[in-house]
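Note that the protein sequences, when read in sequence, are chains Z and C.
Take the first sequence: its letters are residues 1 to 317, numbered as in the working numbering.
Take the second sequence: its letters are residues 1001 to 1513, numbered as in the working numbering.
It is worth saying that the hints were derived from the structure and are not from the lab.
Just to be clear, a hint being listed does not mean it is correct.
Derived pair list, reagent style DSS-like, types lysine-lysine, alpha-carbon separation capped at 27 Å [as the list claims (entries may be wrong)]:
(1) K1486/C - K1457/C
(2) K1263/C - K1100/C
(3) K1100/C - K62/Z
(4) K62/Z - K1400/C
(5) K1400/C - K1080/C
(6) K1052/C - K1285/C
(7) K1337/C - K62/Z
(8) K1139/C - K1193/C
(9) K1207/C - K1150/C
What follows is a list of derived Cβ distance ranges for each label pair [to be verified]:
(10) V13/Z - A1359/C: 51 to 61 Å
(11) N1381/C - G298/Z: 51 to 61 Å
(12) N57/Z - A1359/C: 26 to 36 Å
(13) A1282/C - I106/Z: 26 to 36 Å
(14) A175/Z - D1208/C: 42 to 52 Å
(15) D1208/C - L26/Z: 48 to 58 Å
(16) A175/Z - N1381/C: 49 to 59 Å
(17) E1087/C - V56/Z: 51 to 61 Å
(18) K1139/C - F173/Z: 49 to 59 Å
(19) V56/Z - A1373/C: 43 to 53 Å
(20) A1513/C - G129/Z: 33 to 43 Å
(21) A1282/C - A52/Z: 21 to 31 Å
(22) I243/Z - A1359/C: 55 to 65 Å
(23) V13/Z - D1181/C: 28 to 38 Å
Example chain C residues on the side facing chain Z (calculated, C-beta under 7 Å, incomplete) [said to hold, decoys possible]:
(24) S1038
(25) A1119
(26) N1123
(27) E1124
(28) T1126
(29) G1129
(30) F1133
(31) K1135
(32) T1191
(33) G1194
(34) S1195
(35) Y1225
(36) A1237
(37) A1328
(38) T1391
(39) V1393
Quantities reported herein were computed from a predicted structural model and do not represent experimental measurements.
Cβ coordinates follow ideal geometry from the N, Cα and C atoms, glycine included.
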Amino acid sequence: MLAFISRRMAAAVAMLLVIGTIIFSLLIIVPGDPAELLLSTGGGSASAEAIANLRVNMGLDKPVLTQYVTFLYNTARLDFGTSIVDNGSISSVIALRLPRTLEIIIAGTIFALLLAIPAGTAAGLRAGGKFDIAASAINALLTSIPGFVLGTLFIFFFAQVLGWLPAGGYVAFAANPMQHLQMLVLPALTVGLHLATIVFRMTRASVLEMRGHDWVRTAVAKGLRRKRVVRRHILYNALGPIITVVGLQLGILLGSTVLVEFIYNWPGLSGLLVSAVEQRDYPTVRAVILTVAAIFIGINLVIDILSSLLDPRIRLQ
Amino acid sequence: MTPSDCLSPTRRGVLISLGAGIVAMTLPHGTLAQTPPSVLKFGLSTFPPTIKPFDNTGGAANTVKLMLYRGLMGYDASGKLVTELAESFSWTDPTTVVFKLRPNAVFHDGSPVTSADVAFSLNEITKNGSTAFLKSDLKIISSVEAVDDKTVKITLKAPSAIFLDLLASYCCPVISKKSTDGETIGAGPFTLKGSEKNVYIEVARFKDFYMADQPRVEGIRFVAYADENLRYAALEAGDVDLIEYLPWTQFDTVEASKTLKMKATLGPFMFLLFNVTSGPFANPKVRQAVGYAIERQDVVDAAFAGRGEPLFGFPNPRGSKFDLADPAHEWKYDVEKAKALLAEAGYANGFECRLLATATYGMHQDTASVVQAYLGAIGINATLDLPDWGTRVTAGKEGKYDIAVHGTSGNYNDPDALWSLLYSGNPSYLQSFGFKSARIDGLLEQGRNEVDPDKRKAIYQQLVVAYYEEVPQVPLNWRIQAYAMKQSVEGFEQLPGFLSGSSGYALDETKFA
């Protein structure tokens, strides 16, 4: 078992090294000088001398190989260094931002599950019925509307027309819990509705399949209560594929909340990555991508280990 | 019972979920209004990359910097040059100016603003290794002498007509000599209260600011909204009180609104640049042909919702001391003349070229589309190249284009403000790649070093002609820049012309009704 875990961990480290090297190389290739960009924000330009001095301050005058070795050495020590734009600690910013992205993902997922599992079950149980037709039509509509369009519509309707919710922004929970939750509603709703469409389809199909099985007919024939038949014999068995899909979607959402964060001005990890790319803040871009990659690889590693515990044959493969 | 009968609990679940969602959403938005009304909430277009006192990192950063730092000179709300930390000044000869500092001017740490701090600040800008925006411009300083604690004498290497304007720049504040790399001590109307990168910057009223009755609000909370539509939505929803860069498409809405108002000025301008190192655009006749080929009102209508004015010649800023209008040296829309010039240059059948703009800014992209269409009408088939802003800047600097769209503003309302766009001694992506003109450089130098207004006007009239004949750029249009705010916000004015980027000065007098 120990050998298996060691092998998997070594593979994970190797994968991170490859990812780190690819990111480093890509950022060298991509055009755009961080020093010139910083001093030309808003359309102006500084003197060539000022730009050259800033390049020295940013450490960009050093040979690429030196920069690469320094990057590997610092990353190995889990030191992401400082932003070349404002000299702020990158680790601190990531520690601040990551929970916020996770917050809208988790809130959105809870909303999606609360909405889609009951609705999908109801639609599956009465496939072809009025509710199923209506819910499936709404689902198809929501699936076809991109997140940024939905977000824009929500802002217009709930903030500008009704004035119920803020248009966007962020306030820390500790500073003002109510305001924080209100600002969370629309981003979570936008993430959640898209996820709900996927969960709805999966739940409906899964329930539809389960309700046709012999054991359900038997349970009904035995005179079991309706609740018990649905919960224990249909939904319980239908949950497997739903959990798999939700798990996969959570991973995807971690890297794809960019538009939602942008639309609602929610200062999460994705927003940090976008602004860092725009400013060519190389250390921050590398740190954010490596963090997301490490989370993905970490989750896979845990799943591998858990699977091997459940099924020892995996260890031998 | 059949499985399909087993719906009751599930239906209830659906209703509970929906109900919970609706309750959550209908929480009264009024509970958000926790911030005291004496704190102004300001929606910025971008989060300031840095607020280093002497660097120029964009309009948002400059607005925040004007809250924290002030210099010897400044501007009032009408754009008039006024003294700031200096109480008075006098020119003892054309190259020597003596400033008397205000006796009650103090830094945020309580220490008085002294002539030693002025000398320290100017040295920080001009010293080796500095990244200051005005480093090249302020090399005109020969010496800075602290006559006494409150008197400072600055001697210049040559007379300068714009020296006081340079001192009024948001990039030329006086900071305490006790400042370190980590902490800059300024003497602005507000102190830094808190900030989070890419989220907000909050400043609090500095009670010992030299103007006893200013600022008129207890603080300002700057929140960055990169998306212009969200920035406007935040204003309309009441999340913020004032926003910069009102989207052009919302001008009509704000003008018709009973709760919002705006302050607008013709400030920045759009123009075309050329790679003149080789190919057709190396020939000034081809560049002139481009000048005649474009119907500028269409650019204003398509890219700026009609909010702007065509610009046919030298971009003399609004509020300039000189009237340089010269209809004989302008490019009015004339397709036949454009075709004739192309034929004269040997390109009667037109040619292919690459038109560089950026997809990051919609106004650049839209302008490029209109320009592309009009170039096509005289046989110049331009392929659009629309990279992100960072790539566009590098492409401009390295000359990886044939013709490019750009838009910018100067820093003061004087023809000299065009220096960074026209003077070939400081090449950048703001200038046509490879363009050099001893004639234009010479006129710019003469204009800067001449202090007699009549003689300066004559010099700039020659510059207007040189601009038309040598075509360092083709101007397209002025664009209107606007701030929008709630009706309850009073006292804020947008500074005119090129000074629109210095409108932070007007926040001193901004208050709630």
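(request) With chain Z as the partner, please determine if V1393/C meets the hint condition of a C-beta pair closer than 7 Å. (result) Hint holds; V1393/C Cβ to chain Z Cβ min 6 Å, cut 7 Å.
(message) Hinted pair, alpha-carbon criterion (27 Å max): K1337/C, K62/Z. Please report holds or violated.
(response) Outside the cut-off at roughly 52 Å; violated.
(message) Given N1123/C as an interface hint, is its Cβ closer than 7 Å to any Cβ of chain Z?
(response) 15 Å, violated
(request) Let me know if the C-beta of A1237/C comes in closer than 7 Å to any C-beta of chain Z, holds or violated. (result) 4 Å, holds
(request) Look at the Cβ atoms of I243/Z and A1359/C and judge whether their distance stays inside 55 to 65 Å. (result) 40 Å, violated
(message) Given the hint of 43 to 53 Å, is the C-beta distance from V56/Z to A1373/C inside that range or not?
(response) For V56/Z and A1373/C the Cβ distance comes to about 44 Å; the hint holds.
(message) Against the 27 Å threshold, does the CA-CA distance of K1100/C and K62/Z hold or violate the hint?
(response) Violated, because 46 Å separates the two Cα atoms, which is more than 27 Å.
(request) Classify the hint on A1119/C as holds or violated, based on whether any CB of chain Z lies nearer than 7 Å to its CB. (result) 21 Å, violated
(request) Could you check the hint for me, namely that N57/Z and A1359/C are 26 to 36 Å apart, CB to CB? (result) Since the Cβ atoms of N57/Z and A1359/C sit about 30 Å apart, the hinted range of 26 to 36 Å holds.
(request) Could you say whether the range 26 to 36 Å given as a hint is met by the Cβ separation of A1282/C and I106/Z? (result) Given about 60 Å between the Cβ atoms, the range is violated.
(message) For the restraint on A1328/C, tell me whether the closest CB of chain Z is nearer than 7 Å.
(response) 30 Å, violated
(message) Does K1135/C hold up as a contact with chain Z if the rule is Cβ-Cβ below 7 Å?
(response) OK, holds: K1135/C within 7 Å of chain Z, min 5 Å.
The earlier numbered hints that this structure contradicts are 1, 2, 3, 5, 6, 7, 8, 10, 13, 14, 17, 20, 22, 24, 25, 26, 27, 28, 32, 33, 34 and 37.
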